[in-house]
Every structure is written in structure tokens, then in C-alpha cells.
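Chemist: Sequence:
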Amino acid sequence: MTLRPWILLLAVGCLASAGFSARGAAAADPVSFRSDLAPILLDRCVACHGPKKAEGGYRLDSFERAMKEGDSAAAGFLASNLEESEAFRRLTSDDEIDRMPAESDPLPAEQIALFKRWIEEGAKFDGDHPKAELVTIIPARTHPDPPEAYPFTLPVTSVAFSADGKALLAGGYHELTVWNPEDGTLVRRIKNVGQRTYGLALSPDGKILAAACGAPGRLGEARLFNPDNGELLKVLGTTSDVVLDVAFNPAGDRLAVAAADGMLKVFEVATGKLQLTITSHSDWVTAVAWNADGTKLASASRDKTAKVLDATTGELLATYSGHSQPVKGVAFHPDGAEVYSSGNDNKIHRWKIADGKKSAEIGFGGEVFKLPLSGEFLFAASADKTVRQFEAKSQKQIRSLTGHQDWALSVAYHGATKRLASGSFDGEIRVWNAEDGKPVATFLAAPGYQPPAE
Numbered sequence: 001m002t003l004r005p006w007i008l009l010l011a012v013g014c015l016a017s018a019g020f021s022a023r024g025a026a027a028a029d030p031v032s033f034r035s036d037l038a039p040i041l042l043d044r045c046v047a048c049h050g051p052k053k054a055e056g057g058y059r060l061d062s063f064e065r066a067m068k069e070g071d072s073a074a075a076g077f078l079a080s081n082l083e084e085s086e087a088f089r090r091l092t093s094d095d096e097i098d099r100m101p102a103e104s105d106p107l108p109a110e111q112i113a114l115f116k117r118w119i120e121e122g123a124k125f126d127g128d129h130p131k132a133e134l135v136t137i138i139p140a141r142t143h144p145d146p147p148e149a150y151p152f153t154l155p156v157t158s159v160a161f162s163a164d165g166k167a168l169l170a171g172g173y174h175e176l177t178v179w180n181p182e183d184g185t186l187v188r189r190i191k192n193v194g195q196r197t198y199g200l201a202l203s204p205d206g207k208i209l210a211a212a213c214g215a216p217g218r219l220g221e222a223r224l225f226n227p228d229n230g231e232l233l234k235v236l237g238t239t240s241d242v243v244l245d246v247a248f249n250p251a252g253d254r255l256a257v258a259a260a261d262g263m264l265k266v267f268e269v270a271t272g273k274l275q276l277t278i279t280s281h282s283d284w285v286t287a288v289a290w291n292a293d294g295t296k297l298a299s300a301s302r303d304k305t306a307k308v309l310d311a312t313t314g315e316l317l318a319t320y321s322g323h324s325q326p327v328k329g330v331a332f333h334p335d336g337a338e339v340y341s342s343g344n345d346n347k348i349h350r351w352k353i354a355d356g357k358k359s360a361e362i363g364f365g366g367e368v369f370k371l372p373l374s375g376e377f378l379f380a381a382s383a384d385k386t387v388r389q390f391e392a393k394s395q396k397q398i399r400s401l402t403g404h405q406d407w408a409l410s411v412a413y414h415g416a417t418k419r420l421a422s423g424s425f426d427g428e429i430r431v432w433n434a435e436d437g438k439p440v441a442t443f444l445a446a447p448g449y450q451p452p453a454e
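All residue numbers in the sequence shown are consecutive under my numbering, ending with 454.
Derived by calculation from the structure, the hints in this document are not laboratory data. Treat each hint with caution, since some may be false.
Stated by the list, open to error - Distance condition first, Cα-Cα at most 30 Å in a straight line; then the derived DSS-like pairs of lysine-lysine: (1) K234 with K273; (2) K347 with K296; (3) K396 with K352; (4) K352 with K296; (5) K53 with K304; (6) K357 with K396; (7) K358 with K347; (8) K438 with K347; (9) K358 with K393; (10) K296 with K393; (11) K296 with K207; (12) K53 with K131; (13) K418 with K191; (14) K131 with K116; (15) K234 with K166; (16) K347 with K304; (17) K131 with K52; (18) K352 with K393.
Sequences and hints are given; from them, build the entire structure.
Modeler: The structure is reproduced here in C-alpha cells:
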């Protein structure tokens, strides 16, 4: 059971992404490493020659590394020298054992031609930093359109209410779907989103929607949209693995981005400027939260710890190691001196920042995912198919909501309308009246899906 949440990060075969493609430089234009070649390398080569695996001792996840030699002691690419460019030789080899990509179809002739021209033109780098990861230098891509009608449902890994509570957003496949929370009708679809969305956050003024999205082992992004019309405003935090969570600070001018590359980054929202890169965790950073005054960050990780960090300097202030299993959710206690964290040990832990020691815990019948804090309430969705509402100060349980037939993965609350929504592994969304716990709407978040006849 404990492995199942990570299945959410696998690509869905029947809805496979169209992938990257080079823009195809016009014959009169120099070949661009950044726009033409980096996307090809990222899509076809980095899986075997990147930070997680470097076959033959060769990496090409940055321009600088791609130009160096591997175990063969031959440089990957040499300016104006096709014969001694080892990577090009392997891309064009007739020997299936010798050729790259290994155990895969060769690159198309037009892509080989781009590499050939680029080398002949001097193998120039047209990015800002030769050491930068390829995924950070390529232009923001346009993602494939979602399917017009879903052939099956997908796990609902993220939900969020609009500022006025009249719309409910959910992560889909290369899209965000927008629903009427009162009757479950589809309102609109926001396209140009990463393959899957793992976290949604609305800015305090309600004008910006941040989506934590990506494709496992290939790409992660935080995409910022206008929630009213779906316009893409900005792309932040591009990384080589999925972005798992995003959170605006209380002022709304900074965005924290947590990713499966083990990093936590903080950006200035207006300019997109990277302000902090925090590498305190040794594995996926699964969730992030700000404290009430925006001076601290709390993070959760698959490395079985939760941490508190200074939001200005990134300095590590506290580490909690009491879970002994991957940690999935994190939230500050309203008093600011304690933190709630949840995870695969089927518990919510409450612990003190001052000494990193547990002060209380709440047991569940399954894994506990992210912990949204809204006003005076703390919410939890669990693999025991239940959504729970707690009084954040006292951790007293107010309500336990059942009805899902599969794991409850995500939850959101809108204070003004007193609506609570949750998404489950089987693609279902349920909306409740949080004042009395009565159901309002139940529907499948899969546009056009037709359930099989019984």
C-alpha cells in the first residue's frame, strides 16, 4: 500500500505526451543549442546520461557536461570536428549496440542534420550559463492539448477553489479543469499545462493561480495562470523532475516551489527572479507551507523528515525526524511555534520548532497527504478514503467526511461559502457543506468520460 502514491507520478500510457520537438531551424539561421538541440537531448538522452544515471561515465544534462568526455576519453562534441565528436558518432552509428539512444529508435534524419550543422557552425552555446541544466535553459514549451474526451479517469491529485468560491479547479491531463461546485458541471478547461498537476495555489488577491506540474523524470514547472481566463502569465522553477507543490507567501509577492529533484526554491512573483535555492532535503520535497507572517517555510520530504527554514536566508532552523516514513504534508500551527506534518506512517504529527520534538499526534487508517490550512481549520485527506476537518489550534476533530470509494488524495476549503471539496484516486470529486457535513455534489473530473455500462 505504501508504494501506491508514487504511482501517481507515472506517465499515463494511453494519454502519452507528445514530447519535445526541435523548432527546426531555417536553413539560413544558425542552429540554436538552446532551442533546437537541448530539447532533443532532454527528451531522448538525459535519462541515460544525466544526474541519476550516467552510462559510460558521460553526462549531457548541461552544455558544459555534453562537451566533455566520458569513459571513452573522447569529447562529446568538438567544434567543427564531426569525426572526433564522440556523441555525434554514436548518434549516427549503424551499429545498434554502439548507437545512441541505446535500445531505442535512432534520432530522425532532420534532428541528426541539426546536430551536424551545429558542430560545423562551431558548436556554439547561446544560453546564459554553460553549467545550467538543460531543462532550465530551453524556452518555455507549449504543452499538447488534453484529450477532447477522457478514455478513463485519473487520480485527482490537486483541487482549489476560485477566490469567490463559484468555481472549483482540478488537475487533469495537460490541463486544469474548472467545475461548478454546486452541481458538478464543467465550466471551462485551462490548457497548456504540464502532463500532471500535483499542487494548486491561489494568490491571496485571487489574481494568480499557480500549478505545480510536470512529467516524471523529464520535466517539472510551476506555471502561473490568470484563473479567470486561463492566460499563461509565467513559468517558474523549471526542473528535470516534477514539481510537487507550490505556495504563495501571505503577501502574495513570493512563491515557494517544491520539486522531486530534492530542491525547494523561492521566486519573486512579479519578475520571476529566483531568490532562494534550498537543498536541505536529500529526496523529493513533497509539500511546502509559509508561516503567518511569511518569515519561515516548512517543508515535507520523501527523505522522512519535515523541516523549518528561514524564508529570507534559507537557513535550516529545525528538522523533525519522527515519522520514519516519507512525509507528504506540512502546515504551521496557528501559534507559529509548532508544525503539523503528515505522511506514510498514517499519522499527523504536531511538533515544536524550538527542539524538533513531538508534542502530539493523530492516527489515521491510511497514509495522510497534504495538509491545507485555511483560517482556523486544518484539513486532511487520507488513504482510508476519508477527509477530516480539525480545529487548527487544538487539533480537535470537527468532522469526518466519508463517501469516497478510493483514496482521498486532495482537499480544499472555501471559507466564505463554507464549501469543502476533495479528490480521490478513482477520479471522483466530492463537495460538502462544511457547516453540517452534508454532500452538495459528486462527479468525475474527467471531461467527456463515459463510464462503461454495467
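Chemist: Now tell me if each hint is right for this structure.
Modeler: Verification of the hints:
1. K234 with K273: 11 Å, holds
2. K347 with K296: 23 Å, holds
3. K396 with K352: Answer holds: K396 to K352 is near 18 Å, not above 30 Å.
4. K352 with K296: 14 Å, holds
5. K53 with K304: Roughly 23 Å separates the two Cα atoms, so the pair holds.
6. K357 with K396: 20 Å, holds
7. K358 with K347: 12 Å, holds
8. K438 with K347: 26 Å, holds
9. K358 with K393: Status holds; Cα separation ~16 Å.
10. K296 with K393: 19 Å, holds
11. K296 with K207: 24 Å, holds
12. K53 with K131: 18 Å, holds
13. K418 with K191: 29 Å, holds
14. K131 with K116: Status holds; Cα separation ~22 Å.
15. K234 with K166: Given that 30 Å is the threshold and the Cα spacing comes to 25 Å, the pair holds.
16. K347 with K304: 13 Å, holds
17. K131 with K52: Roughly 17 Å separates the two Cα atoms, so the pair holds.
18. K352 with K393: Given pair K352, K393 holds - Cα atoms ~14 Å apart, limit 30 Å.
The structure agrees with every numbered hint stated previously.
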